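Protein chains: 2
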Amino acid sequence: MNIFRVDVNASIVHREEVPQDFLYLGGRRLTAEIISREVPPRCHPLGEKNKVVIAPGLLTGSIAPSSGRLSVGTKSPLTGTIKESNVGGTAGQALALWGVKAIVIEGVPSPGKSYLLEIGPGGVELKDAGNIRGMGNYVAAGKLRDIYGPDVSLILTGPAGERKFPVSTVAVTDLSGNPSRHAGRGGVGAVLGAKGIKAIVIKQPAKKALEAKDKKGFSETCKVFAESLYKSKKTLREYGTASLVDVVNAVKGLPVNNFSRGCAVQAASINGEKLASRCKERGGATGKPCSRSCVIQCSNVYRDPGGKYVTSGLEYETLVLMGSNCGIFDLDEIAELDFLCDDLGIDTMETGAAIAVAMDAGLLPFGDAGGAKRLVEEIGKGTLLGKVLGQGALVTGKVLGVARVPVVKGQALSAYDPRVFKGTGVTYATSPMGADHTAGNCLPGRGGVNISQAEGQIKVSKDLQVISGICDMLGLCIFVGPLPENLDTFASLVSRYTGESLSGEDLCAMSLQMLKKETSFNFSAGISPVENDVPEFMREEPNQDAGFVFDVPKEELHAFWD
Amino acid sequence: MNIFRVDVNASIVHREEVPQDFLYLGGRRLTAEIISREVPPRCHPLGEKNKVVIAPGLLTGSIAPSSGRLSVGTKSPLTGTIKESNVGGTAGQALALWGVKAIVIEGVPSPGKSYLLEIGPGGVELKDAGNIRGMGNYVAAGKLRDIYGPDVSLILTGPAGERKFPVSTVAVTDLSGNPSRHAGRGGVGAVLGAKGIKAIVIKQPAKKALEAKDKKGFSETCKVFAESLYKSKKTLREYGTASLVDVVNAVKGLPVNNFSRGCAVQAASINGEKLASRCKERGGATGKPCSRSCVIQCSNVYRDPGGKYVTSGLEYETLVLMGSNCGIFDLDEIAELDFLCDDLGIDTMETGAAIAVAMDAGLLPFGDAGGAKRLVEEIGKGTLLGKVLGQGALVTGKVLGVARVPVVKGQALSAYDPRVFKGTGVTYATSPMGADHTAGNCLPGRGGVNISQAEGQIKVSKDLQVISGICDMLGLCIFVGPLPENLDTFASLVSRYTGESLSGEDLCAMSLQMLKKETSFNFSAGISPVENDVPEFMREEPNQDAGFVFDVPKEELHAFWD
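Going down the list, the protein sequences come from chains A and B.
Counting in numbering that gives the first Met the number 0, the first sequence runs from 0 upward without gaps.
Counting in numbering that gives the first Met the number 0, the second sequence runs from 0 upward without gaps.
Read the hints as simulated data drawn from the structure, not as lab findings.
All values derive from a computational prediction rather than experimental measurement.
Keep in mind that the hints are not guaranteed to be accurate.
Since the list can't tell identical chains apart, any single copy or any two copies may satisfy a pair.
Here are the simulated lysine to aspartate or glutamate pairs, EDC-like style, with alpha carbons at most 16 Å apart [unchecked claim]:
#1 K48 - E540
#2 K380 - E540
#3 K48 - E539
#4 K48 - E535
#5 K222 - E124
#6 K515 - E219
With the hints as extra help, turn the sequences into a complete structure.
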């Protein structure tokens, strides 16, 4: 495999051998390594010294179940921290099959330049983006499919990323060619936009899977793991991540109206059953995989009453941040909002949180779905209000004079109220990424402690962050379960794939080292451990419905990574 | 003397004895002490846990020359740091003469409440602001003079402070009753606005001066010092601080067009001579004191061609940040901008820097004075653009997508390019206040090193910050000279005034302790020492005219306060 360096200033691509010490790095661990080595921690995230590293996970491209993740790493324009946001879809596997260990994009383009990076049998080539420039993700994906064929995999910077808005995502096409999968967090799309990369086009590789060193053993582990996943993930397959709506609403940890409430009777209108039946009755689908290796198949296709495609991959986080947290409980409206965000390439979580803050400021009432869509369109048009919202919830709160702003290190909380989900609150507070549930989501049952008791959550969160980190470096979807009982399977997969014998503890040590490297980057960037905390208001105002404040001691959060 | 605690939540005022250990604290040292003890470093600056401390300097109210300064301390909504911004005018002395050691304003008012704090023979009383609420500073000052008489001293929150904009100042009336003196930096006016304090009305005290313990000795020291100041400050008296325009332009350290140039031929249109002759020929004035004890008398009155009052105290910093740095070289235009800012209660430096950033974004061309006035008016009206600009240069740069943003710790640089004024650059980088020239301005001749050589500037800046800190705690105007040769005079003043024998070294130790206390607050607030640096672009782009970058090693700045 090779590392490809794309210098957008000189318009050239260098192919590099993979250094010996990078051989067993992949995904988040590889992006963390390259960013830490090469990006000055205090540099302007949208300037020439920042880089974007796109790296498939270590197992991505193999036959390992649900191993199609692709990591996008950079210094975040939203948080100022190091950032890794990973994404499913078809691009990770396609890149790995073309022998791409990582793409490192560096420099800044000449003014007016917009590039398309083409990857295929001819290698990696930088071309002019032509008329793709400025297009929405859906239209751009359609045009590129017309040119390159329906089997092409695409990585796209949407119009918001082209405008360098810190809410911007990097979109990836799914198995139907729709740009519905997003490396959503931290504004990675803004950095790709700042590099002038509009699209990365990955032609269909001839190879179907990368071979393991111990082919037979690997195949055996994969088979057993796949069967177990298929059996245990029935709810996700049937109802998708939306199945969490009822679970979270029941424990009163559902963000409603800018985190002012913890549950809502209307939650039943946007829950898993409702979404699944809506998808099915209109000729959409549930139980869809987002990449070829996926056995969990939690994705869906949402159609309008006339049967017309609206969006795919409508997730729990979107249903909450664009839905309940904005007082919106109408699936059709949320699906449309999801489409608009996917098309512009903006994070439904950060954008939804910013819109809820704008609602709290009185700019529009909670529940105003039409107003919310207009706000998203303002981001697309780049109006002044769009530029403000495009900075995310923190800046929106400052400008509009709202103190209740649910962010950690500048990134919006996701769809679990930390006053109820205290372990997830610890993760929000301490993850090197800013508030991010995927870094270690302490759902009921995980770690053996009550989700709402303060004691014990430090350990629960740390263990989960370490194992979630393993998924991120291997390219495994987090839904395989970042759980101690899966460590042996992860170790077996890696050992048989690479031929290097590794234990679960070895993987944990690697993940912890990665997390410490990220934390160290942040420290050098000026992000103080004192910032390891939930928003001030969550320690003072009880969640009205659950009655809890967040009460894990600050000192323990500050010292979390010591 | 007494400390008055104003609880705006309960609408009550408590009188407290001055604790023994506060006895010899005044000004910035007292505000730093109270804020450090009482304000949680991570609290929301505009929330109920923040406080505003208003404290005359230790010598304020005495006959010491140019000792009328009043400190306003708080946690800044602009920088997130501890903040002290001090101001001349008549209020500091009037407060001291009424026996006010400090006013501590705490809590948040009930919605819709706006207060007037009245200080006089009846003590300190909290009253309803009535129809003063929402008024511009000039109209409000006029109304209050109508009610309380022409000799009243006023401390005012302008309309921008009422809107809690982080560019807001606390205004103080001068000897003519005009609200032309401002505690301008760090958004102290926004915090006073958040407390619902629209005005502090200080009736004319009967007492003319506070007595020294060693009356005769103190009087003698004051006399000698006053004579020396009167003699040595002739240029300031004749031309005001505008005399710096030529000096700074000559060494190519004048901010022009958002710090993209270091000098301009048009600087001659806004220099000291031009301003002085303009003031005189139109029946304005130069050589005005801003408070009774002032012997330096650097202030002025600017009138329009018809002889109508435009503004007072038109300073070098305004001429540059609202002038040359916006490409505006017309005194009439800059004077009008100064009036608009004084009336709204916004910092001409922060606002000017934000406007220049907006010009750099292409929102309006450099040199467009009419456009600049419209932008200031947008702040006054609280339009969305006004709300963005009202956040200062940093947020304006983010929203408008400008990377060249001249701020340190969120506060705009003042009128000295740190690539040329490297010692001042060290002060910008390391002051606990964010970029602030008054914290230690390394002008030519100070510290015995060439202003533009990197070596030696750490020591020059530290010495100046310590001695400037002494001025800030004593209530001495910085223009008396924060110089080692004045230390004995400062010590003699304090010793004879308080009856406690103190040396210059003792004062330096006190000031250093204060600076470390401030730095420690910042550390607890999450402001990392890594933020001790000038803006990134100043290390990379040479000042086009001088040819220098800023090159004091980062490591030395990070370790500055160790």
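Evaluation of the provided hints:
1. K48 - E540: Classified as between; 14 Å across copies, 41 Å inside a copy.
2. K380 - E540: neither (37 Å within a copy, 32 Å between copies)
3. K48 - E539: Intra 40 Å, inter 11 Å, cutoff 16 Å: inter-copy only.
4. K48 - E535: between (33 Å within a copy, 11 Å between copies)
5. K222 - E124: Neither: 37 Å inside a copy, 79 Å across copies.
6. K515 - E219: neither (34 Å within a copy, 63 Å between copies)
Hints 2, 5 and 6 from the list above are not met by this structure, while the remaining hints are.
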